[in-house]
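Taking the working numbering, I'd label the letters of the sequence shown as residues 1 to 317.
Please note that a few of the clues may not be correct.
As the list claims (entries may be wrong) - Cut-off 16 Å, straight-line C-alpha distance, at most; resulting in silico cross-link-like pairs (EDC-like, lysine to aspartate or glutamate): (1) K261 to E298; (2) K223 to E200; (3) K260 to E237; (4) K261 to E233; (5) K29 to E7.
What the hints assert, rightly or not - FRET-style restraints, in silico, Cβ to Cβ: (6) Y180 to D249: 41 to 47 Å; (7) Y195 to E311: 22 to 28 Å; (8) N40 to E156: 26 to 32 Å; (9) E181 to R277: 47 to 53 Å; (10) I54 to Q174: 25 to 31 Å; (11) F15 to G186: 34 to 40 Å; (12) D248 to E177: 42 to 48 Å; (13) F18 to I54: 16 to 22 Å; (14) Q75 to E181: 23 to 29 Å; (15) A225 to Y90: 41 to 47 Å; (16) T71 to G125: 37 to 43 Å; (17) E10 to Q184: 28 to 34 Å; (18) G104 to G185: 19 to 25 Å; (19) Q75 to L251: 52 to 58 Å.
Simulated from the structure, these hints should not be mistaken for lab results. Note that the Cβ used here is the ideal one computed from N, Cα and C, for glycine as well.
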Amino acid sequence: MNEWAVEVKELTRRFGDFTAVDRITFSVKRGEIFGFLGPNGAGKSTTIRMLCGIIEPTSGTGTVAGLDIRTQAEQIKERIGYMSQKFSLYEDLTVEENIQFYAGIYGVPPGRMEERQRWVIQMAGLEGRERALTGDLAMGWKQRLALGCAIVHEPEILFLDEPTAGVDPVSRRQFWELIYELAQGGVTVFVTTHYMDEAEHCDRLCLIYRGRIVAMGTPAQLKSAYTSGQLLEIEVEPQMPALDVLADDPLVHDVAVFGKKLHVVVPEGEHAAEQVRARLLREQFTVRSLQPVLPSLEDVFVALVERTDRELGEGGN
Numbered sequence: 001m002n003e004w005a006v007e008v009k010e011l012t013r014r015f016g017d018f019t020a021v022d023r024i025t026f027s028v029k030r031g032e033i034f035g036f037l038g039p040n041g042a043g044k045s046t047t048i049r050m051l052c053g054i055i056e057p058t059s060g061t062g063t064v065a066g067l068d069i070r071t072q073a074e075q076i077k078e079r080i081g082y083m084s085q086k087f088s089l090y091e092d093l094t095v096e097e098n099i100q101f102y103a104g105i106y107g108v109p110p111g112r113m114e115e116r117q118r119w120v121i122q123m124a125g126l127e128g129r130e131r132a133l134t135g136d137l138a139m140g141w142k143q144r145l146a147l148g149c150a151i152v153h154e155p156e157i158l159f160l161d162e163p164t165a166g167v168d169p170v171s172r173r174q175f176w177e178l179i180y181e182l183a184q185g186g187v188t189v190f191v192t193t194h195y196m197d198e199a200e201h202c203d204r205l206c207l208i209y210r211g212r213i214v215a216m217g218t219p220a221q222l223k224s225a226y227t228s229g230q231l232l233e234i235e236v237e238p239q240m241p242a243l244d245v246l247a248d249d250p251l252v253h254d255v256a257v258f259g260k261k262l263h264v265v266v267p268e269g270e271h272a273a274e275q276v277r278a279r280l281l282r283e284q285f286t287v288r289s290l291q292p293v294l295p296s297l298e299d300v301f302v303a304l305v306e307r308t309d310r311e312l313g314e315g316g317n
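Let's have the full structure, built from the sequences with the hints guiding it.
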């Protein structure tokens, strides 16, 4: 059996003059949790829609479960589960009616229907609420019900398109526990998200920005690649002029805004930090605090986004 659940090469999708996805290439191993990260408008949803056979690519090739996304879209839909941030549930149907509807759509055999319905109810924690209207459920329950409907036919690959958008932190954590269980059972999980903390749950990550892949690897690999020095967190006033000064400083590898503070990458060693402080004081800035911190995936992503903007230019494609 091919070890790759998804394989994509030079995949491109244009809408008129706008290129939403620009010649991306990647592969997803069977049984892994693959995170597809990027801000809104980066090309995540367009990519996932091509992989699910919903829209055709403009150019490039791709396979899902060994099936061609151009010529075998209908067969792909039988082998995958798909859940979007809107949950795709019918709110005027009851919980069990939604499950039965999707089981029928996905072709679950009649002999398996009752068993799969019980499994979804139990997995979603909806025992006793089988006849409740879906529209009356709390958001967390809707989310788990939508997940159950997406996998009621036991697909080998599950596509999740920003499934935790608008969901409270507790429900997000419970949802990821379910994802872990599915992956341990051999399901390949392809998840798009713009929550950097969720990216830590993934086996591998692919960062996409402006339709292009800007980095790929495990969370540890990406953070390691980013931190070729030490990361300083600096609270300084005025902030933006200080950023401009540090961006031009030959000692500074990278600098980005993080809320009211700056994150600055400099060479290892205490002297680099003191040199940065001295430079800011010399330029008449007020340094409220300056300390080394551990990098996060958000640091990695912000740095890559800003690097891409510099390479392409603000008006680049």
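Evaluated hints:
| no. | hint | result |
| --- | --- | --- |
| 1 | K261 to E298 | holds, 14 Å |
| 2 | K223 to E200 | holds, 11 Å |
| 3 | K260 to E237 | holds, 9 Å |
| 4 | K261 to E233 | holds, 7 Å |
| 5 | K29 to E7 | holds, 9 Å |
| 6 | Y180 to D249: 41 to 47 Å | holds, 43 Å |
| 7 | Y195 to E311: 22 to 28 Å | holds, 26 Å |
| 8 | N40 to E156: 26 to 32 Å | holds, 29 Å |
| 9 | E181 to R277: 47 to 53 Å | holds, 48 Å |
| 10 | I54 to Q174: 25 to 31 Å | holds, 28 Å |
| 11 | F15 to G186: 34 to 40 Å | holds, 36 Å |
| 12 | D248 to E177: 42 to 48 Å | holds, 46 Å |
| 13 | F18 to I54: 16 to 22 Å | holds, 18 Å |
| 14 | Q75 to E181: 23 to 29 Å | holds, 27 Å |
| 15 | A225 to Y90: 41 to 47 Å | holds, 45 Å |
| 16 | T71 to G125: 37 to 43 Å | holds, 40 Å |
| 17 | E10 to Q184: 28 to 34 Å | holds, 33 Å |
| 18 | G104 to G185: 19 to 25 Å | holds, 24 Å |
| 19 | Q75 to L251: 52 to 58 Å | holds, 56 Å |
Consistency with the previously given hints is maintained throughout, with no hint failing.
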